[in-house]
Amino acid sequence: MASRAPVSRALAGDEAAPAAALTFERGAPGRRAVDVPAWRGEASELPPAHLLRASLPLPELSQGELVRYYSDLASRNFGIDTGSYPLGSCTMKYNPKVDDLLASLTGFADLHPLAPEALAQGTLAVLFELQEALGAITGLPAVSLAPAAGAQGELAGILMVKRALEERGELARRRRVLVLDSAHGTNPATAAMAGFAVTELQSGPDGRIDEPALRAVLDDTVAAVMVTLPSTLGLWEPAIEAVARDIHAVGAYLYADGANLNAIVGRLRFGDVGFDVAHLNLHKTFSTPHGGGGPGAGPVLASSALARFLPTPVVARREADGEATYALVAPEASIGRMQQFHGSVGVLLRAYAYLRTLGLEGLRAVSENAVLNANYLRELLLPYYDLPFPTRVLHEVVFSATRQRREHGIRAYDIAKRLIDHGVHPPTVYFPLIVEEALMIEPTETESRESLERVAAAFIAIAEEAARDPEALHAAPTTAPIGRLDEALAARQPDLRWRPPAEA
Amino acid sequence: MRVEGDEAVLGITDYAQDQLGDIVFVELPAVGRALAVGESFGVVESIKAVSDLYAPIAGEVVAVNEGLADAPELVNSDPYGDGWLIRVRLARPLDEGALLTAEAYRALRADGA
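Taken in sequence, the protein lines are chains A and B.
Start counting the first sequence at 7; every next residue gets the next number (the working numbering).
Start counting the second sequence at 112; every next residue gets the next number (the working numbering).
None of these hints come from the bench; they were simulated from the model.
Incorrect hints may appear among the rest.
Partial chain B-side listing against chain A, Cβ under 7 Å, derived [said to hold, decoys possible]: (1) 133; (2) 135; (3) 217; (4) 219.
We treat Cβ as the ideally placed atom computed from N, Cα and C, and that holds for glycine.
Take the sequences, apply the hints, and build the full model.
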């Protein structure tokens, strides 16, 4: 057995803190975590011998060993339940546990996706109310909860645009989607995947939409313009209504990347400023679990004019004899299904619980605190880091480590790694792409004033350390279970598969 | 870009490799492909970003740097030498005025642009 777990040979030489042994390196042959009762039914024939393998080496652990393995991994993890997590653009806010509790009620959790509608009326009623609420919040009344994640909701939205243009007989001509250079990478990916050519728009010198530059490329070959509001720089777009008029004047659609809705929720509706179609990332604004490869939810929302194209299904409410019933229906000219069944219902339920718990006043407090927190951090850090777009921000603020790099050879990457030693999750770095050595900080609305001050103190201590002892910063992190990783080597020579020692 | 007779060797600048950081993967076109000015001919991926490569001139790809498949780090360590990307046979004689000289590029950088 190897003396050190081969999680990756890219681990920096840190023999003092070896990576956790894998399940394959624990336990012993014949050990089991559960007792499986002996089979007493009829046994079917085995497939022909030449199709069977002689052995299948799987981990063999007792229940206790297995629990210790996962507990060990969990103790090495850092999450929002552990500490501050100002990862820009990701909105790593605290998720109230009551939402998990409500979503796990057996009436919801035990419902089979193929259960007859008559037995699913409660769940369908909740999904209908969520559609209505999201439509009211965004001013885009046509809603489908089906997409499995934000990126899929985005694809659904652009496919709806495509279908609408097809009906108008303009798809052959309208081949371009315009995307800002500060956009999330999913925007150009979505447009390309839907079959459009991507035209990148340069932001103006203030980091905002450059209206004359946009007007110069707007013509009847444009299918849609994708705008993130507020932008990834945390900036409001004061020209958005004029931009919407320009876009509609040439017959194109205005798409809202709703990833940053938590900055404006309860205060501004996409529909009111001229957006035609949008997606929401429920985990950001409505507090559902983040990523980890698990299920997500990315509802797609549109104006009434585009309702016919929504992905299947949507929940419809019917009233007969004073009694409401709910049914899953396919919109008339639907783009089709984005996934099997009806969307990630467990995630949608959490979002509904969050929405209903807070109400409109609570949602307004979300956007108020998101903006207040980001601006408080901005003020605290302003003397220590460069701010390329020096205005007030909304929910996040993008600093630059250019000063640290120029004066001390310290990059955003080094600062991010040192934050781990201060017990703070690193911010997003090197995004948006238009900011050099970007440090993209989003404190979120759920951090207290004291927590924000601790985060600021860590950033400030690192700025001072950069001047005093830059070498030490290059070695960070030094207190984490695993030190600085050689990310380039890991990407160039990925070593992802465990092999038995004899084979290795 | 370095012109050698009727061919040009293309790469990225030292400034570009420094901004991108450690390069982990380079995707290059097939030999024989015809490139137009401004056309994307490949992708360079670093630990920070994935960026398209654009052709500054028109022509036919006559060779690609096969060595980058196993050693993409050459683009970082020697962008003007062993880290070259592709060799192109020029479709027409080079219009000197249409492209920046190395000096003009450095001057542009010094402006902070």
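Q | Evaluation of the interface hint that places residue 135 (chain B) against chain A, nearest CB under 7 Å | A | At about 4 Å, which falls below the 7 Å cut-off, the nearest Cβ of chain A leaves the hint on residue 135 (chain B) intact, so it holds.
(Q) Holds or violated: the hint that residue 217 (chain B) contacts chain A, with Cβ atoms closer than 7 Å. (A) Hint on residue 217 (chain B): violated, closest Cβ of chain A at ~17 Å, above 7 Å.
**Q.** Interface hint status, residue 133 (chain B) versus chain A (Cβ within 7 Å)
**A.** At 3 Å from the nearest chain A Cβ, residue 133 (chain B) passes the 7 Å test, so the hint holds.
Q. Taking the least C-beta to C-beta distance, is residue 219 (chain B) closer than 7 Å to chain A?
A. violated, 15 Å
Violated hints for the displayed structure, listed by number in ascending order: 3 and 4.
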